[in-house]
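*Asks:* Below are the chains, spelled out letter by letter.
2 protein chains.
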Amino acid sequence: MKKIVFTIFSVALAAVALAEDGHRLWMRYDAVKTAQVEAPTGSKTIDIAKEELENYFQGDRVMLRIDPTLPDDEGFTLDGSDELLVITAHHDIGLLYGAYEALRLQATDMPMIKETQRPKFKLRLLNHWDNLDGTIERGYAGESIFEWFHLDEQLIRDYARANASIGINGSVLNNVNASPKMLTKEYLREVKKIADILRPYGIRVYLSINFATPMALGQTKTADPKDASVRAWWKKKAKEIYRLIPDFGGFLVKANSEGQPGPGDYNRSHADGANMLADALEPFNGIVMWRCFVYGANHKGEDRVKQAVSEFQPLDGKFHKNVILQTKNGPLDFQPREPYSPVFDQIRETPNMVELQITQEYLGQSQHLVYLAPMWKEFFEYIEPDWLAGIAGVANIGKDANWCGHHFSQANWYAFGRLAWNPSLSSEKIAREWLEQTFNIDENFVFLMSTVMEESREACVSYMMPLGLHHIFKFDHHYGPEPDGFKAEYPLEWCPVYYHKADKDGVGFDRSSTGTNAVSQYREPYSSQYDKLETCPENLLLWFHHLPWDYKMKDGSTLWESLQYHYNQGVIMTETYQNLWHNKMRAYVDDQRWREVDERLKTQVENAKEWRDVCLNYFRQFAEK
Amino acid sequence: MKKIVFTIFSVALAAVALAEDGHRLWMRYDAVKTAQVEAPTGSKTIDIAKEELENYFQGDRVMLRIDPTLPDDEGFTLDGSDELLVITAHHDIGLLYGAYEALRLQATDMPMIKETQRPKFKLRLLNHWDNLDGTIERGYAGESIFEWFHLDEQLIRDYARANASIGINGSVLNNVNASPKMLTKEYLREVKKIADILRPYGIRVYLSINFATPMALGQTKTADPKDASVRAWWKKKAKEIYRLIPDFGGFLVKANSEGQPGPGDYNRSHADGANMLADALEPFNGIVMWRCFVYGANHKGEDRVKQAVSEFQPLDGKFHKNVILQTKNGPLDFQPREPYSPVFDQIRETPNMVELQITQEYLGQSQHLVYLAPMWKEFFEYIEPDWLAGIAGVANIGKDANWCGHHFSQANWYAFGRLAWNPSLSSEKIAREWLEQTFNIDENFVFLMSTVMEESREACVSYMMPLGLHHIFKFDHHYGPEPDGFKAEYPLEWCPVYYHKADKDGVGFDRSSTGTNAVSQYREPYSSQYDKLETCPENLLLWFHHLPWDYKMKDGSTLWESLQYHYNQGVIMTETYQNLWHNKMRAYVDDQRWREVDERLKTQVENAKEWRDVCLNYFRQFAEK
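Residue numbers (this note's numbering), protein chains in the order written: chain U, 27 to 651; chain L, 27 to 651.
Quick caveat, the hints were computed from the structure, so don't treat them as lab data. Heads up, some of the hints might be wrong.
Same chains, same label: a pair holds when it works inside one copy or across any pair of copies.
[Unchecked claim] No farther apart than 27 Å at their CA atoms in a straight line, the calculated lysine-lysine pairs in the DSSO-like style are these:
no., residue 1, residue 2
1, Lys580, Lys455
2, Lys527, Lys140
3, Lys262, Lys347
4, Lys635, Lys558
Note that the coordinates shown come from a computational prediction; the quantities given were computed from them, not determined experimentally.
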């Protein structure tokens, strides 16, 4: 009898072991426990590094050493073999980063030759658009992992560990459309708990704040940044926060944008608002990340993609030194393809951060396999990392077992961290190491699926909005196509017809010097390049130009033919991915993850066909007039 | 009034000039008439070379020279520039070949650096399966260009010129399923007319003969090759032929195969039959090409792919020296993919010719864009050209304006000639030069369409019969799929079910050492390689093995998954080609040819889907039992 019970128990255990829900992300190390790790004591961060290596490093001996003569940053030096691995760093966190690098090299079967690494960006932040009620704006992987007053500490620890493994060193815990309640004592105590869990992993917490918080909480009569009571409130609040969380990172602010309050409500400038907050945080070395995603306010009616520069350029130089302007990579809103935002050209005196969107709001959400690293690398072709003070990524993390909804969306979280650490890594290299750690190191699998990943964003652009088309999304949810989208009650800048401007004479948005002249916001040579038809890249053509349907492309095809070509090609590419995964990848992936990806690829093909058919049928009525 | 008439006339002329029906093939030279050509007189062949260069060579001066000190073959030496081009050859025909090489270099924008060329194969023949009533067996481009008693001499001249331009030096004018009437005086007089037209272009005529001709014409009582009256008849007939056509090439014979008469009808061997004919032709240096495509006769019941070796191997060494055995590239019948025919391994004493099929009997006929050069190059990976006495291609030529039905099928005629001249040319190089001469020299066009051409045969294999499947064709017409094909009244070897042998236990034809042992007919290392599952190329797997549906492929997928993968991939590839041509190639191609290819690509996509769906649905009933 005893034996039977034991057998049943083993079977149950085996079933659990086989249930590959993706929760382990790219950190699927086997606990080998072979290494003797010698390390300084007294640091929780070093303790974690030690434990990770003791559990998972497949070698004999490891030495972790603090060396204050090394540069004063988060970097490390690693030098190793099976017999002896030595990691040296100036700070504790460098040792932890080095430990994860060693485990990454091991999991991807790379040699541990001597190398020194340091992060390119000092600020490597996730932005969570998580609401206090557990919902997530543009979240597609379940509810928020930050369960206020019911924190799942192990989940937060798993989260911290995953982030530390890729070098992320800050988290903004709540939505930029922020609730004033976030800064109440009750919530701050919860924030402290999270901060305490994240701290040993080298991650600081930050909060998004509602600019009108003191007034909204009934503690001031106004939110005017020049008002003494308001300024005092913020100073006091900062003190309160830092008493709880001495390494609190600072505030992220969305002000006077899409209905959010801000200094403009009192005829004050963004600089006035940001500086007030900066002054409150300054004694504690806190920072203000002030978002440039502003439209429909002071420059209402202007081409939406121009408004950020119009708003902020005159203020450049007027911000206090602990203010950073945070700008989306493109001037509109995380479209599948945008040109870079000219804010990065026009803001010279104030530090800039780029805000990337890891969550696939406009790229198939958690249904489409779209690897975003190639898009981010495209941004870095225009904007030098050295020009930026930091990098933020809008997280795609939720309480779904696999964190991100789509197993392949984990790759975007991973790639964001890797690029934040080292933006010169190729997107292909990142895809390969992610696949190897997450699924299978087999070269056939890695070659084929990294190729799919590398192409996938271009496929998405093709079936959604090729040749510079943008914002043809259905209202509000931003998932499917709605080329005829127009609602009189909505701002015009939310309507697809405003962006594609298709009629019998042509299609596209004239932002050239004969149009809205948005091109003038770009530095040379891009300003001229985008302005002139002969030099404007064809993949941005309809972003900058309104052209007749029979416009001749460089290859001699007409614009209308080219649109049809791309829409079809996008569908064909997704069919290829689905066929490959469905019929060739099963052997490399556990059943559950294989099936979950397979189902989504089927949906992606159906969606791609819908995009193609709806858009081409809509445009056809004009193009084949 | 006069002016108006003239204008109308001009318009009509222009319309004619724009009607690009494809009749000009790859010889679309502009008549520039700039070159002074110095050449020996008195040879029609040299006159043609001179005229071609005078009309089309874009240079100042050309010298054509006969040099008897050069090797005694059809080769030439060419050395040129715009100012002076010199072509030297031992024979007249070498000068003509050199002239066409110069025009090819010019049309493909290549430099005329000094080069010497000679053909790899001495016999470079087209086999026309043209019947005397004008129909063509496996012809998909209209009726026969050989209109008996109503010869279109200009058409024959155009045909000769096109063939000479790619080095073809012989034509078998009539179907191997030959009519006895072919050798009657009336027809031979017509053959003489054709021979007279072809001769200056270096092309000899050959005829397919019906082995029972003397008996069928009522001139002997038997066709027994040992019968004195029969032997005398053939000797006399040979004399008659050579009196009319002194350079007549010889006979092509299909005997005791698929209902054709032959020496077996009199218990004589193939050697007896071939030698009788050889003896008749020998005084005139004529040859006999005796086809090895024999099954269902002496070795009825044996695995069909083995029968040719079983039949001919014992006779090796018994053929007179002007007999050549002509064998299809694969052991079955021109399937999209076959292994090479082991006849080439087993026949050592007798000269061999390979018979390729230019007409796409089993590869989509004149509806599918399938470029065959990659298939033929695959054959040459196994069979050294040096082992062969010649090469024959079953022509795809008919009276359609564009000669071949599908404009891209012209490329197969062209590629056959080019490979017959030089089998070491890459299929890609041939595709590129054909595209440049036939359509457009633009690099974007040539790159994209040569890529399509290069892949197209693999696409066809994928959507028709991947992984070594074969002969799943509909009965008789061999166009669409019929996996459940079985007709009790037909020979079993014509039935698809005989070849795929799909049932709940698996699929494929076991020709390994535990099956029909067809592998034993191959030389090492191929015999062992094909026999063993671990080494058998997967693209021939089901040709040589019967395997369970869940058999693990090298990449870990199951056989059934792999079949589905390939069928889908074949469809996806054709969709890609159609999308590319439809939306991107219009600018490079005249309207008529663009439209005609476009229509066929649409059909090809539909057909590919039909192949996939019919085959997968059929196999699914067993595979997903």
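*Asks:* Which numbered hints are broken by the structure, listed smallest first?
*Replies:* As far as the earlier hints go, 2 and 4 are violated by this structure, in ascending order.
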